[in-house]
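Take the given structure of chain L and dock chain G to it, following the hints.
Residue numbers (the working numbering), protein chains in the order written: chain L, 3 to 177; chain G, 9 to 570.
Possibly wrong hints are sitting among the right ones.
[Unchecked claim] Rough simulated footprint, nothing fancy, chain G against chain L, three-plus residues with beta-carbon under 8 Å:
1) 146-158
2) 165-174
[Unchecked claim] PhoX-like cross-link-like pairs, simulated, lysine-lysine; straight-line CA separation at most 20 Å:
3) G:Lys397 to G:Lys340
4) G:Lys108 to G:Lys173
5) G:Lys173 to L:Lys94
6) G:Lys224 to L:Lys94
7) G:Lys224 to G:Lys264
8) G:Lys256 to G:Lys173
Just so you know, these hints were derived from the structure itself, not from any lab.
Even glycine gets a Cβ: it sits at the ideal position worked out from N, Cα and C.
Read off the chains here:
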Amino acid sequence: MAKQLIKHGQLVDDRWQALALADGATDGDAAALPIPAGQVIIPAPVWLAQRDALCSRADAGDIAVSLAPTFRVEDIAQDVQRFAMIAVEFPKFIDGRGYSTARLLRERYAYRGELRAVGNIGRDQLFYLKRVGFDAFLIPPGQDAAAALQSLNDFPEVYQGAVDQPLPLFRRRTA
Amino acid sequence: MYHYDATDKAIVQARVRQFRGQTERFLAGQLSEDDFRPLRLQNGLYIQRHAPMLRIAIPYGLLSSTQLRTLADITGRYDRGTGHFTTRQNLQLNWIELPKVPDILEQLASVEMHAIQTSGNCIRNITTDQFAGIAEDEIADPRPWAEVLRQWSTFHPEFAYLPRKFKVAISGSLDDRAAIRVHDMGLQLVKNDAGEIGFTVYAGGGLGRTPLIGQKMIDFLPWQHLLTYSEALVRVYNRYGRRDNPYKARIKILVKAIGSEEFARQVEEEWLHIKDGPNTLTAEEVARVANQFAPPAYAAYPASTSTLASIAAQHNDKAFSRWLERNVHAHKVPGYAAVTLSLKTPGAAPGDATVAQMEAAAALADEFSFGELRVTHEQNLVLADVPHKDLHAVWQRAKASGLASANIGLLADMIVCPGGDFCSLANAKSLPIAAAIHERFADLDYLFDIGDLELNISGCMNSCGHHHLGAIGILGVDKHGEEWYQITLGGAQGNAARIGEVIGRSFAAAEIPDVIERMIETYLAQRHADESFKDTVARIGLPPFREAAYRKNEPTGEPVHG
Numbered sequence: 003m004a005k006q007l008i009k010h011g012q013l014v015d016d017r018w019q020a021l022a023l024a025d026g027a028t029d030g031d032a033a034a035l036p037i038p039a040g041q042v043i044i045p046a047p048v049w050l051a052q053r054d055a056l057c058s059r060a061d062a063g064d065i066a067v068s069l070a071p072t073f074r075v076e077d078i079a080q081d082v083q084r085f086a087m088i089a090v091e092f093p094k095f096i097d098g099r100g101y102s103t104a105r106l107l108r109e110r111y112a113y114r115g116e117l118r119a120v121g122n123i124g125r126d127q128l129f130y131l132k133r134v135g136f137d138a139f140l141i142p143p144g145q146d147a148a149a150a151l152q153s154l155n156d157f158p159e160v161y162q163g164a165v166d167q168p169l170p171l172f173r174r175r176t177a
Numbered sequence: 009m010y011h012y013d014a015t016d017k018a019i020v021q022a023r024v025r026q027f028r029g030q031t032e033r034f035l036a037g038q039l040s041e042d043d044f045r046p047l048r049l050q051n052g053l054y055i056q057r058h059a060p061m062l063r064i065a066i067p068y069g070l071l072s073s074t075q076l077r078t079l080a081d082i083t084g085r086y087d088r089g090t091g092h093f094t095t096r097q098n099l100q101l102n103w104i105e106l107p108k109v110p111d112i113l114e115q116l117a118s119v120e121m122h123a124i125q126t127s128g129n130c131i132r133n134i135t136t137d138q139f140a141g142i143a144e145d146e147i148a149d150p151r152p153w154a155e156v157l158r159q160w161s162t163f164h165p166e167f168a169y170l171p172r173k174f175k176v177a178i179s180g181s182l183d184d185r186a187a188i189r190v191h192d193m194g195l196q197l198v199k200n201d202a203g204e205i206g207f208t209v210y211a212g213g214g215l216g217r218t219p220l221i222g223q224k225m226i227d228f229l230p231w232q233h234l235l236t237y238s239e240a241l242v243r244v245y246n247r248y249g250r251r252d253n254p255y256k257a258r259i260k261i262l263v264k265a266i267g268s269e270e271f272a273r274q275v276e277e278e279w280l281h282i283k284d285g286p287n288t289l290t291a292e293e294v295a296r297v298a299n300q301f302a303p304p305a306y307a308a309y310p311a312s313t314s315t316l317a318s319i320a321a322q323h324n325d326k327a328f329s330r331w332l333e334r335n336v337h338a339h340k341v342p343g344y345a346a347v348t349l350s351l352k353t354p355g356a357a358p359g360d361a362t363v364a365q366m367e368a369a370a371a372l373a374d375e376f377s378f379g380e381l382r383v384t385h386e387q388n389l390v391l392a393d394v395p396h397k398d399l400h401a402v403w404q405r406a407k408a409s410g411l412a413s414a415n416i417g418l419l420a421d422m423i424v425c426p427g428g429d430f431c432s433l434a435n436a437k438s439l440p441i442a443a444a445i446h447e448r449f450a451d452l453d454y455l456f457d458i459g460d461l462e463l464n465i466s467g468c469m470n471s472c473g474h475h476h477l478g479a480i481g482i483l484g485v486d487k488h489g490e491e492w493y494q495i496t497l498g499g500a501q502g503n504a505a506r507i508g509e510v511i512g513r514s515f516a517a518a519e520i521p522d523v524i525e526r527m528i529e530t531y532l533a534q535r536h537a538d539e540s541f542k543d544t545v546a547r548i549g550l551p552p553f554r555e556a557a558y559r560k561n562e563p564t565g566e567p568v569h570g
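If we strip away everything but chain L, and leave its shape as in the complex, we get (with noise of 0.2 Å):
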């Protein structure tokens, strides 16, 4: 199967296996929902229904959370350092948000582990995806991720400061 994950700039194989809550899961929903051996990515709101029987686990390196376009951020704040991974959700590429998430995840919380964007992303997103914070995109199937890796640099520079490039432009403009 091709792959179609990319990270750190390369194509890789994925090793996280993703749980779901259904849409309108209750907070009883998340506290039982099971959590199966190896390296899972679960739903924000199950991390936290579950975070004492999970600590081990995640201090392990097997345990990611995904956050919905919903989740506030700011509600897993203490525990971002704990987690191999964090992904977040683009359930359509147009819903933003997760952009935002991302750079608080970064700037703010100072998480520095394997930040995914996952969901209806493309290679037309991906070069705002990596500035705002991304380290790795899962380009959904059917896409070419080869080709998707060329848009990580569409363009050769930009005036804000970001992420990727703290500084913005008016502070490294040289003539």
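Using the frame of chain L, we list chain G on its own:
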């Protein structure tokens, strides 16, 4: 004006390459219509009734003659010979072929222009006062700040997929000519007691389905923090603006829902995290940009040797005098004036300019106004720096090109969207309504007698024609597949911005000229000396106008609606 350096050029050229690739993938079937739509919109490309429409950015309305000639060339080569200047100081071309768009963008890039973010749910072209840099009532020139914001917002990675579009306007003068209170974010340049520059920031204004006046966020934002504060404000909107319903997704709905004080508090809280960070503006950068807006090499004319009155007396020509009165504006430098080239000549669609008119305006700019022009949000062109001694020559030349209708600020100077003739969003046509009003009010003596009057027409609730802000506003509505027109009275733009009130049930297109005439008759009968239409409306209220409007056609029409 601002000139690109090598980096600015490289960024715009990269955009052309990127969009060429996206267009090729779309045409090859590798990119779906749904995936391509937001990408083309962020390059100003709509699919309209007849053909794609391309909206070209004219940042803060400032153009060089070279740029205008390029726009004329593109209009002749790729369109049908007419361009439409918009209320956001941009240019729209209505007959563009999609596969040609990358070539058009490349030609634009060659003169430091683009169509970046002229549509889509992102930060749009930043607009300002057409008299920036020359107005007598100016506190500080808004153009450098508009350029700084243009750069900050261009390809802002966090804000390309906002809940809805985000429009910013900035005013540098005492008298707001940029309609800042009806923008998503409005900036008013101010000086504090120490003489330092800052901004009063407003947010949550807008027209459309739910017209609202922007609310004050902060009284005095020191200039250093312009970008970090803007970033905090747009971030709160990006995170918490509604995304479930596009009609409720503008920032104004969020500000209204949580209250402007709470919204301002959230922005402040967000801002404190990033305040004084790397995006804090530096004096060096502001000076670098501001230097490019330095005044041109004005000739030293002695003060008060000529006034507009003395020029009028010298020529003793009624038509010229009227043009001086309406189309020529005060300038802070002695011996100079600003000239509005009217794009409201009866017989042509308001805001439209032909290739020949664009070329004529570019030539006038070169000969008489340091090679620069401005586009106004009232959809006219301005030559900002014309010597008094050249006004008569400019008038004659403008007249020969159909650019000298002496109607600026009068009823005939209507703001009008393209409406149902072109726009796929429109509920009704707006251009034939404008044409019928032009025809009815063709007598310039009558127009002068009526005096200052803003008449604005929108073909649908999206309000591109700013009908809410017209002293008389006309809105096209769809009722069971038929085009009807609702009238509002008493709107105002500027410092005393006010949303007009609906007078009652709507009218058929054919009734509109009569109805407008009866409104005008009511005003002329009721006005006090030197009282403008909107002031009369404010004083006597809607009932006399309502009575006049419905007097002659009470039995017909459609039912009152809310």
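How the hints compare with the structure:
1. 146-158: holds (count 4)
2. 165-174: With 6 residues close enough to chain G, the hint holds.
3. G:Lys397 to G:Lys340: Cα-Cα ~16 Å, so holds.
4. G:Lys108 to G:Lys173: violated (26 Å)
5. G:Lys173 to L:Lys94: Within the cut-off at roughly 17 Å; holds.
6. G:Lys224 to L:Lys94: violated (33 Å)
7. G:Lys224 to G:Lys264: Holds - the C-alpha atoms of G:Lys264 and G:Lys224 are around 12 Å apart, at most 20 Å.
8. G:Lys256 to G:Lys173: holds (12 Å)
When each numbered hint is compared with the structure, violations occur for hints 4, 6.
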